[in-house]
Amino acid sequence: RKEVEQDPGPFNVPEGATVAFNCTYSNSASQSFFWYRQDCRKEPKLLMSVYSSGNEDGRFTAQLNRASQYISLLIRDSKLSDSATYLCVVNKGGGNQFYFGTGTSLTVIP
Amino acid sequence: DAGVIQSPRHEVTEMGQEVTLRCKPISGHDYLFWYRQTMMRGLELLIYFNNNVPIDDSGMPEDRFSAKMPNASFSTLKIQPSEPRDSAVYFCASSFARAGNEQFFGPGTRLTVL
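These protein sequence lines map, in sequence, to chains F and S. Mind the numbering: the first sequence is residues 485 to 594 in the working numbering, read in order. Mind the numbering: the second sequence is residues 1458 to 1571 in the working numbering, read in order.
Extracted from the complex, chain F is given alone in its bound form (with noise of 0.2 Å):
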C-alpha cells in the first residue's frame, strides 16, 4: 500500500466553481501534513501546512482527520490561476522525510 494516496483526477471546473481534494495516509505516527503547488514544469511548492484544527488560508481551507488518516483541501471561488497539480505530503514518523503522493490535476476552465 502507498504511503499517501490521492485521486489523480483530473478535475475540470469552471472558474467561481469549490473543488475538494482528497488524501489518505498509512502511518499514523505521521505528525506532519501539507499541502504542496506543482506548476507544470516547475518545481512543487509549499501552499500550505495543515493542521489538527483545520487552518485557512484565504479561499484554501484545509482539514486533517487523524482517526480516519485523511487530509483534505477545498478551494473556494477557483480562479484560471489555480490551475495547477496539488501534491498531499506527509512526514514519515515525526521525522523530517516526507511522502507525496502522486498528485491531482485541476484544471480551471474560462
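I should point out that these hints are in silico values taken from the structure, not numbers from a laboratory. Please note that a few of the clues may not be correct.
[Claimed, not checked] Sample of chain S residues at the chain F side, in silico, Cβ under 10 Å:
#, residue
1, Q1494
2, Y1505
3, E1559
[To be verified] Mimicking SDA-like on lysine to any residue, the simulated pairs with C-alpha atoms at most 25 Å apart in a straight line are:
#, chain 1, residue 1, chain 2, residue 2
4, F, K529, F, G542
5, F, K529, F, T502
6, F, K526, S, R1542
7, F, K576, S, N1509
A virtual CB, placed ideally from N, CA and C, is assigned to each residue, including glycine.
Based on the hints, put chain S in the right spot on chain F.
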C-alpha cells in the same frame, strides 16, 4: 535570497554515459534531499542528508546511483552508467532542522538518456 540552485537544468546524454547533477542548498539549511519525478511514479525520495551525512539512501534505485555531500553548500547525484529508464526530472530540496519543516525545492534537472 537565493533559493536552492541546481545544475544543469537540462541534460541529454547517451546510454552508458556518466551523469552528474549538482545542488546548492539554501544557506543555513541542514537537510538536503534528492528526489526523482516521473509521470508513472510521481515524486520519489532517493536519498537525504543531515549535516552532510547520508541518513537514508533506501530510495536509491541501484548501485549505478551515488550521492555525496562534501560540505554544507554542495551536493552531487551521480549516475554511472546511465540508462534510458533513468530519464526523469531530478529535484534537490533543502530544509531547516525542525522536524516536519517546509522543504524548498530547486528548479530541477530534466534528464533524458537516449
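So, going through the hints one by one against the coordinates:
no.	hint	verdict
1	Q1494	9 Å, holds
2	Y1505	6 Å, holds
3	E1559	5 Å, holds
4	F:K529 - F:G542	17 Å, holds
5	F:K529 - F:T502	22 Å, holds
6	F:K526 - S:R1542	21 Å, holds
7	F:K576 - S:N1509	20 Å, holds
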